[in-house]
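In the working numbering, the protein residues as written are 1 to 149.
Rather than coming from a laboratory, the hints here were simulated on the basis of the structure. Predicted, not measured: the structure shown is a model, and the values here were computed from it. Idealized CB from N, CA, C, for every residue including glycine. There could be a bad hint or two in this list.
Said to hold, decoys possible - When the alpha-carbon atoms are kept at most 30 Å apart in a straight line, the in silico DSS-like pairs for lysine-lysine are as follows:
id, residue 1, residue 2
1, Lys-102, Lys-50
2, Lys-63, Lys-132
3, Lys-87, Lys-49
4, Lys-123, Lys-49
5, Lys-136, Lys-109
6, Lys-80, Lys-132
7, Lys-88, Lys-50
8, Lys-58, Lys-88
9, Lys-87, Lys-123
10, Lys-80, Lys-49
11, Lys-63, Lys-88
12, Lys-50, Lys-136
13, Lys-132, Lys-95
14, Lys-102, Lys-49
15, Lys-80, Lys-58
16, Lys-50, Lys-132
17, Lys-87, Lys-136
18, Lys-63, Lys-136
19, Lys-102, Lys-80
20, Lys-63, Lys-80
21, Lys-50, Lys-63
22, Lys-63, Lys-95
23, Lys-132, Lys-109
24, Lys-109, Lys-58
25, Lys-136, Lys-95
26, Lys-87, Lys-63
27, Lys-109, Lys-49
28, Lys-88, Lys-102
29, Lys-87, Lys-102
30, Lys-109, Lys-50
31, Lys-109, Lys-95
32, Lys-95, Lys-58
To be verified - Per label pair, the in silico range of CB-to-CB distance:
id, residue 1, residue 2, range
33, Gln-138, Val-52, 32 to 38 Å
34, Glu-142, Ser-91, 30 to 36 Å
35, Asn-46, Ala-127, 38 to 44 Å
36, Lys-88, Ala-128, 21 to 27 Å
37, Gln-143, Ser-91, 19 to 25 Å
38, Glu-44, Ser-77, 32 to 38 Å
39, Leu-62, Glu-84, 31 to 37 Å
40, Glu-122, Val-52, 28 to 34 Å
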Amino acid sequence: MKKIIVLVTGVVFFWSCNNSSDKSTHKETENQAIHHQKSSEAVELNNGKKWVVNDEMKPFVLKGEELANTYIQNGQSDYKTLAEQLKKQNSQLIKSCTMDGKSHNELHKWLHPHLQAVEDLEKVTDAASANKIVLKLQHSYEQYHQYFN
C-alpha cells in the first residue's frame, strides 16, 4: 500500500509538471514515475554544477526546511503537525513545478525519498522514531541544497 501511495504521488507530480492532455505523453509520464520509484539512483550534479530549480518552487522547499529546522531547534514534539505542514509545502511544490528534462528528473531523485520520509512521519506512532525521521528530513533538505539552486 505504501508503494502505491508513493507511486500515485509521483504520477501526480509528473502530471502536474507536464500537464498534457496527450494520452501517449500521460502514459510516458506514468512509466517515468514507475522508473523513478524503482530507481535508487543518487542525484547527480549538472556537469559539476547545481541544477536550477524554477523560482516558483523554491519558497516551498525553503519553508519546509524552515519548519523542520525550527522543530529541531525548539525541541518540539508535535510531529504529526509537522508532517501535515511539510505535506502542505510538498503539495505546493508539486503544483508549482514547470521543470522538465534532466533537471526535472534529478529533482525527482531527491523528491521521492523526501516524500516517503514525510509519509513515514505521518504514520509513526512514537516520538523517538519521529525524531529520527525529522533528522532524515533535515538531511534531505541539506541534500537539496547540495544539488539544486
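- Query: Among all the numbered hints in the text so far, which are the ones the structure does not match?
  - Reply: 4, 10, 19, 33, 34, 39
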